[in-house]
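A.B. asks: Sequence:
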Amino acid sequence: MKNPSTLICLFLIFLAFFSCTKTEKKSQNILYFDLTQNYDEIEIDLDEYVADIRTIQLETNENTLLRHFKGFVGEKYIVSVDYDKLLLFSGDGKYITTITKKGKGPNEFTQIDAWTVDENNHCFYFHDYSKNYIYRYDLENRVYLSDIPFESKGYLQNIELFNDSVLAILPGMFSAYGYLYFFQEFNGKILDGIKKEPVPHPGTWAGASPAFSKWGKNSIVLQPSGSDTVFQINQSEKNPWLIFDLENAQKTGDKTVFTTGGVLFSDNEKLFLEKNKFEKTVTEFSASMRSLSTEQLIFNLKSGKMHSISKITMQFNKIEIPLNIVGFQNNNRLVVSIQAASFKSLLKEAQKNKNLTETEIQKLNAFDQSLSIDDNPIIITGVCKQDIRDLKSI
Numbered sequence: 001m002k003n004p005s006t007l008i009c010l011f012l013i014f015l016a017f018f019s020c021t022k023t024e025k026k027s028q029n030i031l032y033f034d035l036t037q038n039y040d041e042i043e044i045d046l047d048e049y050v051a052d053i054r055t056i057q058l059e060t061n062e063n064t065l066l067r068h069f070k071g072f073v074g075e076k077y078i079v080s081v082d083y084d085k086l087l088l089f090s091g092d093g094k095y096i097t098t099i100t101k102k103g104k105g106p107n108e109f110t111q112i113d114a115w116t117v118d119e120n121n122h123c124f125y126f127h128d129y130s131k132n133y134i135y136r137y138d139l140e141n142r143v144y145l146s147d148i149p150f151e152s153k154g155y156l157q158n159i160e161l162f163n164d165s166v167l168a169i170l171p172g173m174f175s176a177y178g179y180l181y182f183f184q185e186f187n188g189k190i191l192d193g194i195k196k197e198p199v200p201h202p203g204t205w206a207g208a209s210p211a212f213s214k215w216g217k218n219s220i221v222l223q224p225s226g227s228d229t230v231f232q233i234n235q236s237e238k239n240p241w242l243i244f245d246l247e248n249a250q251k252t253g254d255k256t257v258f259t260t261g262g263v264l265f266s267d268n269e270k271l272f273l274e275k276n277k278f279e280k281t282v283t284e285f286s287a288s289m290r291s292l293s294t295e296q297l298i299f300n301l302k303s304g305k306m307h308s309i310s311k312i313t314m315q316f317n318k319i320e321i322p323l324n325i326v327g328f329q330n331n332n333r334l335v336v337s338i339q340a341a342s343f344k345s346l347l348k349e350a351q352k353n354k355n356l357t358e359t360e361i362q363k364l365n366a367f368d369q370s371l372s373i374d375d376n377p378i379i380i381t382g383v384c385k386q387d388i389r390d391l392k393s394i
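Take the sequence shown: its position 174, counting from 1, is numbered 174 in our numbering, and each next residue is one higher.
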């Protein structure tokens, strides 16, 4: 048996080590969020956080039919990245042109796996899976510019324009690039990044998508698939910014229920966070995943208080309507896509407000009647009021 004084010394050494570890973590200014507990609920009005909120009805015709909207939303242009076509709309939703479509002809594509837009919204960059270049399309003049050479080694998760001549690239988890992420000049030269060993594809796999987006002028945030940590990256530097405490995954046979945490928006006052619960089913021959629930939360950086968002509202023609969830593009723009049929349901929900005047009800009815359930999705967008958070100042 060890001497009691020795045990006391070891205990004190342990305390000192633990204290140093906590101090070190605090000095790194890492944010920790416990998503295993329930938080008090709060209702939010988007108009408090987002300026110039617009409701955009994407023009619907035989050339523009969309199952859902995925793509870029800006002041001047909207680009829809659909599975079989790339469409350009004006900022108010009017159809301009079809940039390209699926096929084997000149400038046609097989599968668009990653895309981005420059800061001034002049050029749209996109990669077609397996092709050894990245397209560059001039949105203003409606022409293709010279391609950017790129050695394709598998699927890409995302690309971001880091500056005027450098792309930040996030490869797919099972691709053969040899990097977790990397930076490449327009001439094709790889500058830097974090290398990783190739991961063999398991054959059947399902998992949450990674996050990789540019925030501000010099910061990119990365959250790898299945990770509880959000990183700030700058070329070969990868520093943890935010860590989630999540519920343990529960596996029953071929099914696994698990949760993920993510950050949607951050400025100098608050963070919008999201907690998702999924069920994935993986067998020898197939893999699938479905969403069980989504909870959005808001954290006040000054008070240190977290709330679960129970209701989100916005002003539509000066009338309050409810939203289910919010989303942000590159941390500075609200972008919410709603199917036309769902938006009609929201308009009906808004009419239940007993404080509405007869004129306001007529406005809602008029817009509702102008919408068909088969119309293209409705886009809700606006610019965040607060300056985006400088990650380096955390």
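Honestly, the hints are just simulated from the structure, not real lab data.
Computed from a predicted model, the values in this text were never measured in an experiment.
Fair warning: there could be bad hints in the mix.
Below, a list of computed lysine to any residue pairs in the SDA-like style, where the Cα atoms sit at most 25 Å apart [to be verified]: (1) Lys275 / Asp45; (2) Lys344 / Arg67; (3) Lys280 / Asp254; (4) Lys363 / Ile338; (5) Lys385 / Glu284; (6) Lys153 / Pro202; (7) Lys70 / Ile361; (8) Lys270 / Lys195; (9) Lys344 / Leu161; (10) Lys104 / Gln157; (11) Lys94 / Asn132; (12) Lys195 / Cys123.
Label-pair distances were calculated between CB atoms; the ranges are [unchecked claim]: (13) Tyr129 / Glu75: 37 to 45 Å; (14) Asn239 / Tyr39: 44 to 52 Å; (15) His68 / Pro106: 23 to 31 Å; (16) Lys318 / Ser372: 19 to 27 Å; (17) Tyr129 / Glu197: 17 to 25 Å.
Glycine residues also receive a C-beta, built at the ideal position from the N, C-alpha and C atoms.
A.B. asks: Determine for every hint whether it applies to the structure shown.
C.D. replies: Each hint, compared with the structure:
1. Lys275 / Asp45: holds, 20 Å
2. Lys344 / Arg67: holds, 16 Å
3. Lys280 / Asp254: holds, 8 Å
4. Lys363 / Ile338: holds, 19 Å
5. Lys385 / Glu284: Not satisfied, since the Cα-Cα distance of roughly 49 Å exceeds 25 Å.
6. Lys153 / Pro202: Holds, at about 18 Å.
7. Lys70 / Ile361: Answer violated: Lys70 to Ile361 is near 31 Å, above 25 Å.
8. Lys270 / Lys195: violated, 33 Å
9. Lys344 / Leu161: Violated - the C-alpha atoms of Leu161 and Lys344 are around 37 Å apart, more than 25 Å.
10. Lys104 / Gln157: holds, 23 Å
11. Lys94 / Asn132: Violated, at about 33 Å.
12. Lys195 / Cys123: violated, 29 Å
13. Tyr129 / Glu75: 37 to 45 Å: For Tyr129 and Glu75 the Cβ distance comes to about 30 Å; the hint is violated.
14. Asn239 / Tyr39: 44 to 52 Å: violated, 27 Å
15. His68 / Pro106: 23 to 31 Å: holds, 28 Å
16. Lys318 / Ser372: 19 to 27 Å: holds, 25 Å
17. Tyr129 / Glu197: 17 to 25 Å: Holds - the Cβ-Cβ distance for Tyr129 and Glu197, about 22 Å, lies within 17 to 25 Å.
In the structure shown, a violation is registered for the earlier hints numbered 5, 7, 8, 9, 11, 12, 13 and 14, in ascending order.
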